[in-house]
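J.: Residue strings, one per chain:
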Amino acid sequence: MTAPLVACRGVTFAYGAREASRAAFTLRDVSFEVRAGEMFGVIGPNASGKTTLVRLLSRVLTPAAGRIEVDGTDLGALSRAAVARQISVVPQTLPSGFPYTVEELVLMGRYPRAPHRFFESEADRAAARRAMEAVGVLDLRGAVLDRLSGGERQRALLARAIGQEPRLLVLDEPSAHLDLRYQAECAGLLRRLNRDRRLTIVLVSHDLGFAAELCDRLMLMAAGAAVRVGPPESVLEEAVLEAAYGCRVIVDKHPISRRPTVHLVYPTA
Amino acid sequence: MRPEGPASSARLALLLGGLALLVLLIALGSLFIGSARVPPRDVLAVLTGHMKGVDQVVVLSLRLPRILAALLAGGALAVAGAGFQALTRNPLAEPSVLGVSSGAAFGVVLAQVMGLGGGLLETLGLAACAFAGAVVAGVAVYLIAARAGALPVHTLLLAGVIVGIFFSSTITVLISIVDFDRLGGIVHWLLGNLSPIPPRSLAVFTALLAVGGWLVIGAARRLNLLTLGEENAAQLGVDAEALKRRIFAGAALLTSAAVAFAGPIGFVGLIVPQALRLVLGPDNRLVIPAALLAGGAFLLLADTVARNVIAPAELSVGVITAFCGAPFFVYLLRARTDTTPP
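If you're matching them up, the sequences are chains A and B in order.
So in my numbering the end of the first sequence lands on 269, straight run, no missing numbers.
So in my numbering the end of the second sequence lands on 1342, straight run, no missing numbers.
With the rest of the complex left out, here is chain A (with noise of 0.2 Å):
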């Protein structure tokens, strides 16, 4: 068995007082391992601490009681530009009206390599070239991103990310705002980059059936508890899907991956 490149042991927040309102989003003592080279998938209704596991995985927040360790490091002992070089987000969105090109977005993944530069060297252009390349968007390049398609924004993110070399990728729920096509892409893409890189990947979705088909190992997460933790197979199982949910759901089988799908059982009136 590889060692692992992420260990979350205890994990424990919960949001200030001022924040009241997000209590919902709360973790208590979360644990669990990702593998060198593993496609990971966190599950889980709202508000059951997804977003709250990635805001913790990329330190924008610190936990209160547990650690986390990206090989053997604690993440709390780094910089967050030592972060940003080990683990990168691609984030659900931009902000509206973002302004700047495919490219300028790319290179902006290079910052955490050498934060003290003004401008990005020749290296870091030749990085963010090959990472356009790699994700398709090489043409957009001279693209302003608030006039690109959301399927087509989404893989400058992604750009933008692998673009930063990182250890890990954390990607944060990628199909929501997709349609089938986008999503098929973007699981082509996820499942290159994990074989040829052999990059670790992090999936957080509410799409079980995107999660089941490419993860490893996923863990289903209900009211900032970590639920379960296996591969798909173990993890989406009827009783333990209902019981998170609070729905009825029946677990059938992808007639072509044999991966377990989830279906909705809907309510008559």
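Some but not every residue of chain B turned toward chain A, in silico, with C-beta under 7 Å:
hint	residue
1	P1006
2	Q1235
3	L1236
None of these hints come from the bench; they were simulated from the model.
Note that CB positions come from ideal geometry on N, CA and C, so glycine has one too.
Following the hints, complete the assembly by docking chain B onto the known chain A.
T.: Chain B alone, transformed into the frame defined by chain A:
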């Protein structure tokens, strides 16, 4: 699509070289023009050291210091405007719109009422009072406008107006209780008035501009990342809180220096960075350094118009910048509200 590709040091060097040339040309032109008639031949003679007397006083002691003051104040206000815009992520933010200029002006008037004069320490004290006023106004605007850590466009502008009115009223109270013979100078200064300032003040002004400019320009790359939002910027390694404090300190310092030595001249910080963005794109690493020179060029041009258009009388330069800035503000406000939902 912008054909040039991403910003580079070569592009910045070219841009700054071009702007420096422009500044030099406008400064030379401004040296030859004025209400006191000095023939061009005599200006040249003064510059080469071949002429003394009244012409020398006009050119070297009146026009030249005033040109330098315009370049310093314009650069300071434009960089401060660009800094406030990046900090608040609001294209309309600007020292006078945010009320920060009024806060600085209050500090200056208070210092003058207390009797601070022209010595080096007193000049520094004046600048310190202006800075304190700018910081108080800026913090007040932030506290009024902030909603759950965000700064909505419209509340920010309203808060700026409110704080501006408050400090203007306080200034009115102060000048109502000072001697009547000192009143005229202060009122003229309050409209934004460049006058020849002594070498000692020019030196202090330059030093403050250097510090404030370094604080804002040196963080330009991080300001680009801040456009992504604070959380995302933090995920890329930017300490957003430290960055915001640095930019606020720098922009407040630049504003207070400009206000202390040239008066609360409005709209330079709005017009110059926004016009540069239209031409250069959004990259702060080009826009903010360029604003330092372009702001100087713009204010010098405005001041040259102000002191010649109704010669031998003089307009306050703030009148010219407001005539340019007010329509520009309306344009930006409309352009913005047309594209973003309320």
